[in-house]
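A.B. asks: One-letter residues, chain by chain:
Protein chains: 2
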Amino acid sequence: MTGAMKVEELDTPVLLVDAGALERNIIAMRDIAAATGVAYRPHAKTHKSPIVANMQLEAGAVGVCCAKLGEAEIMAAAGIPDILITSQVVGRNKLVRLIQAAQTAKIMVVADNEDNISDLSSAAQTGGKPMDVLIEVDIGQGRCGVPPGPEATRLARLIAETKWLRFRGLQGYQGLIQMTADFDQRQAQVELALEKLMDTADHLKSASIEIDILTGGGSGSSIIDSALGRYTELQPGSYVFMDSRYRHAQWPGGAPCPFENALTILGTVISRPATDRAIVDVGYKAASSDGGPIVVAGNMDAEFSFAGDEHGQLFFPGRTCPLALGDKVTFLPSHCDTTVNLYDGYIVTRDGLVEDVWEIAARGRVQ
Amino acid sequence: MTGAMKVEELDTPVLLVDAGALERNIIAMRDIAAATGVAYRPHAKTHKSPIVANMQLEAGAVGVCCAKLGEAEIMAAAGIPDILITSQVVGRNKLVRLIQAAQTAKIMVVADNEDNISDLSSAAQTGGKPMDVLIEVDIGQGRCGVPPGPEATRLARLIAETKWLRFRGLQGYQGLIQMTADFDQRQAQVELALEKLMDTADHLKSASIEIDILTGGGSGSSIIDSALGRYTELQPGSYVFMDSRYRHAQWPGGAPCPFENALTILGTVISRPATDRAIVDVGYKAASSDGGPIVVAGNMDAEFSFAGDEHGQLFFPGRTCPLALGDKVTFLPSHCDTTVNLYDGYIVTRDGLVEDVWEIAARGRVQ
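Top to bottom, those sequences are chains P and Y.
Quick note on the numbering used here: the first sequence kicks off at 1131 and runs consecutively.
Quick note on the numbering used here: the second sequence kicks off at 1131 and runs consecutively.
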């Protein structure tokens, strides 16, 4: 073998990251935040890789978010210094692990429950180190969080009065509006959600409780979040790779999406059972389906459908399938986060050549 | 800690296997096959574990099926002696790996394409060992395989005339009918599919081509497949763990399903945002969704819905949620195969105590 391996030489299915597109996405989010000076803390649940996290930090991110303690442990062990765990950390085992991880990194947590706050306090005391806590507010998603309004004030006071905890602010995330296609409608939805967060913040301020951090927002709302200037920190995740299901989302003034599809799945045609269809080796175990079917990259006008755990079908209605046995096909994941979680590593490519392999170090860290 | 750990003490989300239920499922399939003397070769794509594969072999299975070469490599390396790879192995890299794996185990492959047969022959010659090949026939699923009828005869002859290949028989699998609820309807569908396979076999016989193996069938059709006596080998997979989505399938004479739900996901309540709902730490990354929503085990009358990658919601319409923060909840996966693929190991339990941990050695082996 002379020189770098070509992408086409790889065994499939395989998960590819286009290094150039990834780098441009990281710069694009830096620019969106820099335009208004808001801080940003990208969500590492998307990439689960300390290597990508470090690229984001080098571009100016103030830290990373993690969805699970298990991800935070990986990031802390890899030297990422500043982490926000965006889901509640509940239970004795987990709190023991949390104070251990907090020995090597600054870790903030979110809470929405009095008992959990009491447990966090005991854990912090055991660890001998005060813990920073944010209150999560449900700003419309209907998932975790206290309702907007006075309840957060009660919990914040409880935290502030607890020796081993420090109240730092509020988290409010509305995931359901990130992919609203119409830009004006998305803007209105973001404003509505932010009103709920600011209303809650007003209650805190009138009770003389200081707020350092207002965190939330996603990749689809990032431009709006930055412009509105309410959040002190944004926590976008998907923008590093960009899900294909975002492709219908409009951007201000009809501008193209500022983020490129940097993540792809390469598959191979393993059967040509009829003139108008091909079977590829990409099924539910090689591409997540929770975000809908995956999409063929490029100009090939074919309909993809999952055909089981290990198979996908490419249908060319009324046409002859141009693919031969062994041909490689590139797909855009519909949902990058859950697709990344299926693989042990990224094959990093540049201009069609393999440049590196990065471990997906927090793959499977659901605990 | 005195004695064995209790299941409730485990961090969550975690994947549990009930050892007793697993053992009974393995015996139940042995009995279904033994009733008519048909051989069976369980599909290891479900469990991806040489430990479970060995339990199946000890019960009398003639070997295992693997969906991917990457799984077969794991099984061969662990000493499983007899493997059928049920998907086409295509491409030079893969064929090199195939002949390497075939040094340690007897590996049969399926083919449906002339070029692939030619490549298999070259690979077998390079490996210095004849390779056993089956022709896949599409008996109704519309995925891989030659159409029923004379085409298989042409390919079988090609294989038989190739020095380094041995034609062994036909594979015909119809996955779309495994979960048909009405038993009589399922029986009729199985008979229709089998007619296509037997018609193809008749073409081969009239061309004086010998057939050793007719393989196919799944967990839902297993009783029918065994009774009809057409297959020489059955390849059921799901029965070891049993997906909850099979729960609507009827069995002969109104009998209960012969297989128990041996696989569960244990989750924890991490938020109690309203009186009628709880949020658990089980989302798309801890339970596959391609088979529909997961189901709460036991008698708890709650509606589960996925609430993102890391969250699930339990809704108690018009009632007060009986769960407190930190409570553990047991779920039945809707689709075991794709759920198993998300975890690195099984926690093996018996009577509510942790008995062992088994590595999911072929997790993520999609290539």
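A couple of the hints might just be wrong.
No copy labels: a pair is met if it fits in one copy or bridges any two.
[Claimed, not checked] Derived pair list, reagent style SDA-like, types lysine to any residue, alpha-carbon separation capped at 20 Å:
1) Lys1326 to Pro1403
2) Lys1458 to Val1226
3) Lys1335 to Thr1283
4) Lys1458 to Gln1497
5) Lys1458 to Ala1189
6) Lys1458 to Glu1321
7) Lys1458 to Glu1244
Keep in mind the hints are simulated off the structure, nothing from the lab.
Given the structure is predicted, the values throughout are model-derived calculations rather than measurements.
A.B. asks: All hints are to be evaluated individually against the structure, with a verdict given for each.
C.D. replies: These are the hints, each one checked on the structure:
In this assembly of identical chains, Lys1326 and Pro1403 lie within 20 Å of each other by CA distance solely across copies; the values are 16 Å between and 55 Å within a copy. Only between protomers do Lys1458 and Val1226 lie at most 20 Å apart by alpha-carbon distance; the minimum there is 18 Å, versus 47 Å within a single protomer. In the homo-oligomer, the alpha carbons of Lys1335 and Thr1283 lie at most 20 Å apart inside one protomer (9 Å), although the nearest pairing across protomers, at 81 Å, exceeds that limit. In this assembly of identical chains, the alpha carbons of Lys1458 and Gln1497 lie at most 20 Å apart only when taken from different copies (13 Å versus 36 Å within one copy).
For the homomeric pair Lys1458 and Ala1189, neither the shortest alpha-carbon distance inside one copy (34 Å) nor that between copies (41 Å) is at most 20 Å. Within a single copy, Lys1458 and Glu1321 get their C-alpha atoms no closer than 44 Å, and across copies no closer than 37 Å, so neither meets the 20 Å cut-off. Taking the shortest alpha-carbon separations for Lys1458 and Glu1244, only the inter-copy value of 19 Å comes in at or below 20 Å, while the best intra-copy value is 54 Å.
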